[in-house]
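2 protein chains.
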Amino acid sequence: MAHGVLRLYDHPASGNCFKARLILAHLDEPYERVLVDIFAGEALEPEHRGRNPAGRVPVLELDDGTFIAESGAILLFLSEGSEYLPGDRLERARVWQWLFFEQNQIEPSVATARVMQWRGREAERPDAYEHRTAWANEALDSLEAHLAGNDFLLGDAYTVADMALYGYTHVAHEVVDMDGRRAIAAWIERVEAQPRFMNDLKPLP
Amino acid sequence: MAHGVLRLYDHPASGNCFKARLILAHLDEPYERVLVDIFAGEALEPEHRGRNPAGRVPVLELDDGTFIAESGAILLFLSEGSEYLPGDRLERARVWQWLFFEQNQIEPSVATARVMQWRGREAERPDAYEHRTAWANEALDSLEAHLAGNDFLLGDAYTVADMALYGYTHVAHEVVDMDGRRAIAAWIERVEAQPRFMNDLKPLP
Chain A
1 MAHGVLRLYD HPASGNCFKA RLILAHLDEP YERVLVDIFA GEALEPEHRG RNPAGRVPVL
61 ELDDGTFIAE SGAILLFLSE GSEYLPGDRL ERARVWQWLF FEQNQIEPSV ATARVMQWRG
121 REAERPDAYE HRTAWANEAL DSLEAHLAGN DFLLGDAYTV ADMALYGYTH VAHEVVDMDG
181 RRAIAAWIER VEAQPRFMND LKPLP
Chain B
206 MAHGVLRLYD HPASGNCFKA RLILAHLDEP YERVLVDIFA GEALEPEHRG RNPAGRVPVL
266 ELDDGTFIAE SGAILLFLSE GSEYLPGDRL ERARVWQWLF FEQNQIEPSV ATARVMQWRG
326 REAERPDAYE HRTAWANEAL DSLEAHLAGN DFLLGDAYTV ADMALYGYTH VAHEVVDMDG
386 RRAIAAWIER VEAQPRFMND LKPLP
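From first to last, the protein sequence lines stand for chains A and B. The numbering of the first sequence is the numbering used here, which starts it at 1 and goes up by one. The numbering of the second sequence is the numbering used here, which starts it at 206 and goes up by one.
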């Protein structure tokens, strides 16, 4: 892969950061981790805004000082040329489709509901919380329907699309009822059985 | 570009669909439009779920019957090999970064607040509505800061990243105050001055 020394600006309890750590583990790629304490507001400080104008993690720094932000962009960048990203243009479009679905439907619903629950906003702002969990349920229903007919998001092959969706789907039970979602449960087991799979996502602090 | 006959499953009032129409206009690529009445629930029906498991528009159909969903995936797929997508891998990662930012931060805040306002939910569910507009303001502040130092999202070159961000940013004034955001206003003018730019986004019905 030859990226030189990679540095990941990271938080151990962020599912988006975990996705970056997961592809790095699959690729057996060494990297340096730099903690950005998102819960102390460090991601919003000018120093981190210089790495990512959006003030968020993860951010990947290449050895020439280039920064790449957004978990989806990091997954695509790192998986290029590997078994985790198809070379075929149509298959690649399918990977993009699921990466965007995740960032547009799963992450903003599941991850935000999770943080609201952790901050006690579930009781303080019940309507905003309910808005997020209803949204999560709709998105997870779509995912369940697709996985009912497919081993992985692209069918037979495990790709970065699975890593992206796994990031928050495997903790969705913290905010919505996942008991009836058997295709998702079976897919989670298949993902976790992949060579070099690891899960080091920490609970919210 | 030689895609054969393209078909776009589309709604005229969707900013995500407008992005697909915009890249098609820039590429001067002919296509057939098929209306999916999202406000009558047509996108959630089995026929459309067969095109996109997530039950959303836009969906692009290629002449071999392949479907590509998600506006970001459609923008990347269609712009491949054109002046609107850089060939360089790092520049391309920067395009991905902005496309994911848009789908994760701008679209779910601005587009959803817009639909809530149109449905009268602004008054019915003030807390959920306020949650969306506060989120929109944070995301637009990040965009404003970046555009204060850049003509386009990637610097000098107009790319599909600008098309993606333009989609909902140019209507954000419907839900948040855009008066102080001068860099965004100047960028909107630069986008609208591009060759073959067009805006056929219709108001919510």
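Some clues are possibly wrong.
[Claimed, not checked] Which chain B residues face chain A? A few, computed with CB under 8 Å, are given here: (1) Gly270; (2) Ser287; (3) Pro291; (4) Arg294; (5) Leu295; (6) Trp301; (7) Glu312; (8) His351; (9) Leu359; (10) Gly360; (11) Tyr363.
Hint data in this document are derived by calculation from the structure and do not stem from the laboratory. All C-beta atoms, glycine included, are put in the ideal place defined by N, C-alpha and C.
inquiry  = Hints numbered earlier in the text: which of these fail when held up against the supplied structure?
reply    = Hint check: 1, 2, 3, 9, 10 and 11 fail, others pass.
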